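Working from the sequences, and respecting the hints, build out all of it.
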Amino acid sequence: MKLMLPCSEVTRLVSQGLDRRLGLSERVALRVHLAMCEGCGNFERQMKLLREAVRQLAEAEGPRDTGPHST
Amino acid sequence: MPLPIDFHAQLEGQRDYLLRYATLQLRDSDRAEDCVQETLLAALAGGAGYDGRSSLRTWLTGILKHKIVDAIRRSNREPATALEPEGDASEFDTLFDPRGHWAQAPMAWERPDSALERSQFLAALEACLEQLPARTARAFMMREHMGLETEEICKELGISATNCWVMMYRARMALRLCLERTWK
Ligand SMILES: [Zn+2]
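Protein chains in written order, with this note's numbering: chain A, 1 to 71; chain B, 1 to 184.
The set of hints was computed from the structure by calculation and includes no laboratory data.
Only a predicted model underlies this, so the values are computations on that prediction, with no experimental measurement involved.
One should not assume that every hint holds.
[As the list claims (entries may be wrong)] DSBU-like, lysine-lysine: derived pairs with alpha carbons at most 35 Å apart:
hint	chain 1	residue 1	chain 2	residue 2
1	A	Lys48	B	Lys155
2	B	Lys65	B	Lys155
3	B	Lys155	B	Lys67
4	A	Lys48	B	Lys67
5	B	Lys65	A	Lys48
Right, here's the structure in full:
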């Protein structure tokens, strides 16, 4: 694997890194690129925020007053 | 905490919502019905565990989510048709220049920290999820909302791991673009 990946490839690796354990060379190449590329760094943070938010969807949806106890 | 007399009626009142939620995840009304039934029974049996801090719906959805994950993990059925990723592989190529660098680099998103910002972000996210192609949305929710592993999704949907990663990538790219447009 080339040391400096194109951003298009980095976005694929960032996404796959959320679904599988990346290999050592993939992790190194990713870290090198992310340290130097602001756009991909922002992309990675956006992906993490997206993951957190989707996990929270069920907890947040629906009116809060449907429970038997009002607080 | 003592259970209100009408707890059973309140549970029944959530049945339609829970059924819609389960059907969305499972795409199978029989299995969805089973999961909802198990959820309501578990809620009746464990009603004392409901502390009233979250809404009844939120509490029930949490139980249902586990029932759905169990149902998917238990399932040994072969999917009727194998799923191919939806859409064109090149649909995101215009985001990058010919050398693969960003044509328009992603900006930093401010974290939605206040309760209002959070609910606005989640509302925008839900609207964006609805715009995803149906099968892509389903696979994405299995992964990110239900927390299933790639292998479990592959088995349930009859796709290869590579196909699954491609579907996740497309879902994430599309959601990011949609949120950049709509979350303000
Ligand atoms: Zn980059």
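Results of checking the hints against the structure:
In summary, the hint linking Lys48 (chain A) to Lys155 (chain B) is supported, as the alpha carbons are separated by about 26 Å, within the 35 Å threshold. Between Lys65 (chain B) and Lys155 (chain B) the alpha-carbon distance is near 19 Å, which keeps this suggested pair within the 35 Å criterion. Simply put, Lys155 (chain B) and Lys67 (chain B) have alpha-carbon atoms about 18 Å apart, close enough for the 35 Å limit, and the pair holds. Our distance criterion of 35 Å between C-alpha atoms is met by Lys48 (chain A) and Lys67 (chain B), whose separation comes to about 26 Å.
A hinted pair counts as satisfied when its Cα atoms are at most 35 Å apart, and Lys65 (chain B) with Lys48 (chain A) qualifies at roughly 21 Å.
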